[in-house]
Amino acid sequence: MADLIRLRDDEAVDHPAVTVDSFLEQPDANAVRIEPGDDARALLPHLAQIALVEINFPVFGDGRGYSAARILREAGYVGELRAVGDVLIDQLAPMRRCGFDAFEPDRPLDPVAVDAVLARFPAAYQPAADGAAPIWALRHG
Amino acid sequence: MYIYDEFDQAMVDARVAEFRDQVDRRLAGKLSEDQFKPLRLMNGLYLQLHAYMLRVAVPYGTLNSAQMRLLGDIADKYDRGYGHFTTRQNIQYNWIRLEDAPDILADLARVGMHAIQTSGNCIRNTTSDHFAGAAADEVVDPRPYAELIRQWSSFHPEFSYLPRKFKMAVIASQRDRAAMRLHDIGIRLVRNSAGELGGEFYVGGGMGRTPMIAPLIRDFVPIDQFITYAEACLRVYNRHGRRDNKYKARIKILVHELGAEEYARQVEEEFAHLLTLGIEPPARELERIAAQFAPPPFASGLPDTIDRSDPAFALWAARNLQPHKAPGYTALTISLKPTGGIPGDASADQIRLMADLAERYSFDELRVTHAQNIVLPHVRKADLPALWRELVDAGLGSPNLDLAGDIIACPGLDYCSLANARSIPVAQQIGERLAGKEQDIGELKLKISGCINACGHHHAGHIGILGVDKKGVENYQLLLGGSEAEDVSLGKITGPGFDEAGVVDAVEKVTDLYLARREDGERFLDTYRRIGVEPFKEVLYG
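Protein chains in written order, with my numbering: chain A, 9 to 149; chain B, 12 to 553.
Calculated directly from the structure, the hints in this document are not laboratory data.
These figures come from a predicted structure and were not determined experimentally.
Among the hints, erroneous ones may be present.
Pair ranges (Cβ atoms, derived) [said to hold, decoys possible]: (1) L58(B) x D114(A): 45 to 55 Å; (2) L15(A) x V484(B): 56 to 66 Å; (3) G40(B) x D114(A): 13 to 23 Å; (4) Y552(B) x R49(A): 52 to 62 Å; (5) R253(B) x E33(A): 22 to 32 Å; (6) H267(B) x Q57(A): 32 to 42 Å; (7) V479(B) x R49(A): 42 to 52 Å; (8) R253(B) x D29(A): 16 to 26 Å; (9) A59(A) x H61(B): 46 to 56 Å; (10) H61(B) x E33(A): 29 to 39 Å.
Which residues of chain A face chain B? A few of them, derived with a C-beta cut under 7 Å, are [unchecked claim]: (11) A37; (12) V67; (13) R72; (14) Y74; (15) R78; (16) D98; (17) R105; (18) C106; (19) D109; (20) R128; (21) P130; (22) Y133; (23) Q134; (24) P135; (25) W144; (26) H148.
List of simulated lysine to aspartate or glutamate pairs, DMTMM-like, C-alpha gap at most 25 Å [claimed, not checked]: (27) K176(B) x D70(A); (28) K257(B) x D531(B); (29) K41(B) x D70(A); (30) K176(B) x D118(A); (31) K41(B) x D118(A); (32) K448(B) x D531(B).
We treat Cβ as the ideally placed atom computed from N, Cα and C, and that holds for glycine.
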């Protein structure tokens, strides 16, 4: 877990996440891992008991996980949302906007660079899952 | 014209800084080419055969003089003195050095321009009718809605890694001058019976190796929900579009495989959910944008006639002008298709001259057309003779809008690493061959692609040409009967392909047949549709 970047203060879940299929068969689990083809909406009835959702990016160019993340946040999920796998520094900002608050990249990232990319853009044009007011809201007060 | 406020400027400036950092890391070897590729692509930077190519966005094809002038200066300073206007109303430069790219973006940012999302698997530059704001037949100026899409789609966090690229077009006339139904999403703004504004959404069109005409997914999306509806369209695609095969990854394949009805049902479900989230920009934001597209202060009481006593001028004026909504004005198209030239190319001096002309004659405005020409949208008819003389002196006076010489062509094997065959020399030879009869032939949309990716829109040409590689030799297939306009259709291959000289002959043969068989008022396309492909095959292969 040395390369885990967490942007939340609570205690991290200390056990492995299970697959979506296996989670649905044993709904006492509280950590689940979403693969690109999984339907994030299958988890919606169980969000209250989940503390950790890992969303896997086997290759950074497969963007399904961005939709999965937003769907969970839109449904009110407040637990940890962790991007794992081929997570590169230049994907962190859009991931953050889609509601991810933890990153576990295959290859370690420079913490200084992480802070820099997350602070790069002064605002955003569209609402997403990070609660940031979009530019149109800033314009019109 | 939309002018950046401090928010827009800050976003573009941040992008320049980000890209400068990414290029620095690439040059220092901290990023592999594989890691760098999607980043440079989202900034419009391609690695081509000889150098990097930079594609600069011209949102919905609208430019002011200062922006156009800078495009000319970039051609001089960083390229070899040319710019190439593209079928997506953008401009690209073919001889760019990687280390210069951040400086170019910084120059662009100073005049409110960028290269954001001009490539990559994301939402690309939104295109529109190049006569928007001038056309006599529009319901409303479509550009404020295109600008709203530009802002919504810029750095959209959920849609930055789509299965494949995504192109949108917005028009507001029954006439389609933007190939609307050959886009991933095509929107036609309309008024319903109550007089309210909304959009027809066509989803899943495109060219490439599987050309498709977009089906109508929803016949009226209220204007105050249309960003939300677009978001729903994109989310269904991002979640369910194919990612196993690059050639089946465009949304057209998803819509085709699901069926338009099922795709529409899934979009409706997502739309209903997204409507609860308040993601639609408020009406006052649309009003803020629309105010910047208010019509320029047209003079009233102008003469509505044109002095056509000079025959050369009269020929040009008969071809290159478009009816304007304001009496006494016209929208004129500057052809970038001189006989024997490279379609869509303009020299730095020509680009700067067009900027000057726009400043003096067209309320500071220019447009790039998807047919790779430039429009001065608001010109007084009385100014036309003087303006025309300046164009002629600069080699910009070709009287061939929508004629055989007005060819759309991709860069082809002369520049592009994807191409199988050259496009430009074929365009040049066809233009030269038909130059003597193009006025007689009349409207003829001729489009040439150097490979199956169809950047030259060959499927949508009245005559289309597709370059292929046949055992190491360039070979050209001929297609007939396509159209990108409101009578949209896809061309069909006539039969075996031709070599370079043979395809030029073939084009002449089919146009000669048309001249022999046409009836009153018929265009080439009309005659083809009336008599069918057989007589054409007969002259080609008989």
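Now for the hints, and whether the structure bears them out:
At roughly 26 Å, the beta-carbon separation of L58(B) and D114(A) lies outside the given 45 to 55 Å, and the hint is violated. At roughly 58 Å, the beta carbons of L15(A) and V484(B) sit within the given window of 56 to 66 Å. Between G40(B) and D114(A) the beta carbon distance is about 20 Å. The supplied range of 13 to 23 Å therefore holds. Range check, Y552(B) to R49(A): about 56 Å between beta-carbon atoms, so the 52 to 62 Å window is met.
At roughly 29 Å, the beta carbons of R253(B) and E33(A) sit within the given window of 22 to 32 Å. A hinted range of 32 to 42 Å holds for the C-beta pair H267(B) and Q57(A), which are about 40 Å apart. For the hinted restraint 42 to 52 Å between V479(B) and R49(A), the CB-CB distance of approximately 44 Å keeps it satisfied. Restraint check, R253(B) to D29(A): a C-beta distance of roughly 22 Å satisfies the suggested window 16 to 26 Å.
Distance hint for A59(A) and H61(B): a CB-CB separation of about 54 Å, consistent with the stated range 46 to 56 Å. The supplied range of 29 to 39 Å is broken by H61(B) and E33(A), whose beta-carbon atoms lie about 57 Å from each other. Annotation: interface hint on A37(A) violated; nearest CB of chain B at approximately 24 Å, more than 7 Å. With a cut of 7 Å, the hint placing V67(A) at the interface with chain B is violated, because the nearest CB-to-CB distance is about 9 Å.
For R72(A), the suggested interface contact is upheld, since its CB lies about 6 Å from the closest CB of chain B, less than 7 Å. Interface restraint check: Y74(A) against chain B, minimum CB-CB distance 5 Å, threshold 7 Å, status holds. The closest approach between the C-beta of R78(A) and any C-beta of chain B is roughly 6 Å, which is under the 7 Å cut-off, so the hint is satisfied. Given the 7 Å rule on beta carbons, the hint for D98(A) holds: about 6 Å separates it from the nearest Cβ of chain B.
Contact between R105(A) and chain B, as hinted, is supported at the beta carbon level, the nearest pair being about 4 Å apart and thus within 7 Å. Against a cut-off of 7 Å between C-beta atoms, the interface hint on C106(A) holds, since the closest Cβ of chain B lies about 5 Å away. The criterion of a C-beta within 7 Å of any C-beta in chain B is not met by D109(A), whose closest approach is roughly 14 Å, and the hint is violated. This hint holds: R128(A) has a C-beta 5 Å from the nearest C-beta of chain B, less than the 7 Å allowed.
Given hint, P130(A) at the interface with chain B, holds; its Cβ is 5 Å from that chain's nearest Cβ, closer than 7 Å. Hint status for Y133(A): holds, given a least beta-carbon distance of 5 Å to chain B, under 7 Å. The restraint placing Q134(A) at the interface with chain B holds, with a minimum CB-CB distance near 5 Å, inside the 7 Å limit. Interface restraint check for P135(A): the shortest CB-CB distance to chain B comes to about 5 Å, inside 7 Å, so the restraint holds.
Interface restraint check: W144(A) against chain B, minimum CB-CB distance 4 Å, threshold 7 Å, status holds. The interface hint given for H148(A) is met, as the beta carbon of that residue sits about 6 Å from the closest beta carbon of chain B, less than 7 Å. Taking the CA atoms of K176(B) and D70(A), the gap is about 13 Å. The hint holds against a cut of 25 Å. Between K257(B) and D531(B) the CA atoms are separated by roughly 46 Å; this puts the pair beyond 25 Å, and the hint is violated.
Between K41(B) and D70(A) the CA atoms are separated by roughly 22 Å; this keeps the pair inside 25 Å, and the hint holds. Restraint check for K176(B) and D118(A): the C-alpha separation of about 30 Å exceeds 25 Å, so the hint is violated. Annotation: proposed proximity of K41(B) to D118(A) holds, straight-line Cα distance about 12 Å (limit 25 Å). In summary, the hint linking K448(B) to D531(B) is supported, as the alpha carbons are separated by about 17 Å, within the 25 Å threshold.
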